[in-house]
Amino acid sequence: MPQGRRIATTLGLAAVLATGLLAFDSSESEGQVQQQQQQRRKGLRPPPPVAKEAPHGAPEQVKREQQPGARESVQADVSARTVSVTSSFNGTEIVIFGAVDNSQQPSAESGIYQVLIVVEGVPGRIVARRKNNVAGLWLNTSSATFDLVPSYYAVASTQPIDEIASEEFRASHGIGFQHLRFMPAFGQSQALSTEDLKEFREAIVRLKQKEGLYVQDQFSVAFIGRSLFRSTIELPANVTVGPFETRVYLFRDEKLLSQYTIRLNLEREGIERHLHFFAFRFPTLYGIMTVAIAMAAGLIASAVFRKSAH
Amino acid sequence: MHFYLPVAEMSANIFIFLAMGGAVGFLSGLFGVGGGFLMTPLLIFSGIPPAVAVGTESAQIVASSVSGALAQWRRRNVDIIMGLVLLAGGILGSIVGVRLVGDLRRIGVFDFFVAICYVTFLGVIGTLMLIESINTMRKVRGGVVVSARRPGQHNWIHGLPLKVRFQRSKLYISAIPPFVIGMFVGLLAAIMGVGGGFIMIPAMIYLLRVPTNVVVGTSMFQIVFLTAATTILHASQNQTVDVSLAVLLMAGGVVGAQFGALAGGRLKAEQLRFLLAALVLMVGLRFAWQLIAPPSDVYSISAAAWGA
Numbered sequence: 002m003p004q005g006r007r008i009a010t011t012l013g014l015a016a017v018l019a020t021g022l023l024a025f026d027s028s029e030s031e032g033q034v035q036q037q038q039q040q041r042r043k044g045l046r047p048p049p050p051v052a053k054e055a056p057h058g059a060p061e062q063v064k065r066e067q068q069p070g071a072r073e074s075v076q077a078d079v080s081a082r083t084v085s086v087t088s089s090f091n092g093t094e095i096v097i098f099g100a101v102d103n104s105q106q107p108s109a110e111s112g113i114y115q116v117l118i119v120v121e122g123v124p125g126r127i128v129a130r131r132k133n134n135v136a137g138l139w140l141n142t143s144s145a146t147f148d149l150v151p152s153y154y155a156v157a158s159t160q161p162i163d164e165i166a167s168e169e170f171r172a173s174h175g176i177g178f179q180h181l182r183f184m185p186a187f188g189q190s191q192a193l194s195t196e197d198l199k200e201f202r203e204a205i206v207r208l209k210q211k212e213g214l215y216v217q218d219q220f221s222v223a224f225i226g227r228s229l230f231r232s233t234i235e236l237p238a239n240v241t242v243g244p245f246e247t248r249v250y251l252f253r254d255e256k257l258l259s260q261y262t263i264r265l266n267l268e269r270e271g272i273e274r275h276l277h278f279f280a281f282r283f284p285t286l287y288g289i290m291t292v293a294i295a296m297a298a299g300l301i302a303s304a305v306f307r308k309s310a311h
Numbered sequence: 028m029h030f031y032l033p034v035a036e037m038s039a040n041i042f043i044f045l046a047m048g049g050a051v052g053f054l055s056g057l058f059g060v061g062g063g064f065l066m067t068p069l070l071i072f073s074g075i076p077p078a079v080a081v082g083t084e085s086a087q088i089v090a091s092s093v094s095g096a097l098a099q100w101r102r103r104n105v106d107i108i109m110g111l112v113l114l115a116g117g118i119l120g121s122i123v124g125v126r127l128v129g130d131l132r133r134i135g136v137f138d139f140f141v142a143i144c145y146v147t148f149l150g151v152i153g154t155l156m157l158i159e160s161i162n163t164m165r166k167v168r169g170g171v172v173v174s175a176r177r178p179g180q181h182n183w184i185h186g187l188p189l190k191v192r193f194q195r196s197k198l199y200i201s202a203i204p205p206f207v208i209g210m211f212v213g214l215l216a217a218i219m220g221v222g223g224g225f226i227m228i229p230a231m232i233y234l235l236r237v238p239t240n241v242v243v244g245t246s247m248f249q250i251v252f253l254t255a256a257t258t259i260l261h262a263s264q265n266q267t268v269d270v271s272l273a274v275l276l277m278a279g280g281v282v283g284a285q286f287g288a289l290a291g292g293r294l295k296a297e298q299l300r301f302l303l304a305a306l307v308l309m310v311g312l313r314f315a316w317q318l319i320a321p322p323s324d325v326y327s328i329s330a331a332a333w334g335a
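Chains X and G are the protein sequences, given in the same order.
Residue 2 is where the first sequence starts when you use this note's numbering, and the numbers rise one by one after that.
Residue 28 is where the second sequence starts when you use this note's numbering, and the numbers rise one by one after that.
These are computed hints drawn from the structure, not numbers from a lab.
Mixed in with the good hints, there may be bad ones.
[Claimed, not checked] Which chain G residues face chain X? A few, computed with CB under 10 angstroms, are given here:
1) V93
2) A142
3) Q298
4) L302
As the structure is a computational prediction, the values presented were derived from the model and not from experiment.
Don't be surprised by glycine CBs; every beta carbon is placed ideally from N, CA and C.
Could you build all of it, start to finish, from the sequences and the hints given here?
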């Protein structure tokens, strides 16, 4: 299992690097292709690439740095747009990679740009309960229901998020645990004070963090080259299936330069998908099937053991 | 090796659950019980949601008791009339119990209720069995011949109407007490994820005065059909039966039970009862601890599936 995952990660990394290299000289290669096409039309063979790249590459880079007015933009993708939750699903790792177009930073270390990545799972309804000691016994006595609670929530960034974006920006874009947009559901079974709701809310975030479903890693996005960056997020085994939204923000000096959204999907696959569907769609039939399996298992086992005993 | 459970919606280690099934299967074969009162707590303590543990365990008890019931049937230890009366009451109790599981789960006190049930019933039954088996062992040592059947002892049960002749049990009593006992056991079976042998067997011995050899066979017979009905009810009403988990437990369980039954033949009845009593008490105490000990976190969260 871990070996397979390591291979997947390695492949992901390779893909990132390949994409990065392409993005690195994207303008050049486009030009090259155009030139080649023109040359082909004229019936000319393209000159050897080594001889061509050496004189052209250097002045181009200089030109780019000399264009401070050109606006940077960000593009990104994930290592897997569709993740299958099969019977052997035990969590997975997703690589998010992207590139800054018109990057003006001279190297990966210069830190001109800040990248902020938010990965959010399907919003749903969550009930939080609180235990109280009643006559020496612990039982749930109060509860609060919240709507639009993301099943999964991860924030990855190049540096602490409060150094990247202003409080207002984070609040309006739902970045950071305290700015999660979930809210108390209408028609609570119990009337709760604002103080209570706040405690329940904090409990949800804390418990989700404990389950590995809410993650914040302030230094997990790294620039690899002048324009390429990457990050990995961990989806634990208990993650809820459904659509995921990944938002990538590119910042410079607390100013948003560009934003990019990628969707990915966690889907049940194989036998696991059929069983889940069967159990929830045809519950009575599913129950009968389970009993039939149980009876058969018991009888077959006893037949086998009786034979081997004689 | 991990396996993603389709209903419990979690990744589980296959070998842990196979081993659990095997160990509990061995004990259930040894004592002639379904083993639910051991397996359901084990599942709950290993992180399976209590309602899923209860529903899934019902299915596993079907598998683990069907072969035993068949063996008892062949040995002519099943009183079929008694079994059917118990079963009729049992299914009624199970319908109510499954409904209760759904309701209690919605208001978030099912875990608590399960723990209370386990502490109460296992505590009382375990203590009674322990005392009884110690007394029997003392008498046996003293050379007194002990018979499980106590003929000629009449109590209020014999005054009830609707008398039925239970041939194999050598009884002529009202059908009401077995029906009520069956109903009560059915209710517990649905709520606690057990076959109910630990209630059924003492109730048949001490209340109905059924001979011990018929008690085990008859209770196994009704357990098979009661847990089958309970499984279907849990699946259809609460969607809390995980077939993958059940199959893992069955695979371990059916194998373990065969060895347990062999080992059981080498032990005396009162020794078996003493061991069972000790086990029952241990599980009860574990639940008591869960109720009394301060929780590591007073908060808990769960996805609200039915728009609670």
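| request: Mind checking the CB of G:Q298 against every CB in chain X and telling me if the closest is under 10 angstroms? | output: Constraint on G:Q298 not satisfied, violated at 24 angstroms.
| query | Does G:V93 meet its interface restraint, that is, does its C-beta lie within less than 10 angstroms of any C-beta in chain X? | reply | 3 angstroms, holds
| said: Min Cβ distance, G:A142 to chain X: is it shorter than 10 angstroms? | reply: 9 angstroms, holds
| field | Cut-off 10 angstroms, beta-carbon criterion: hint that G:L302 touches chain X | value | Result: violated, 23 angstroms to nearest chain X Cβ.
The structure does not agree with the numbered hints 3, 4 stated previously, though it agrees with the rest.
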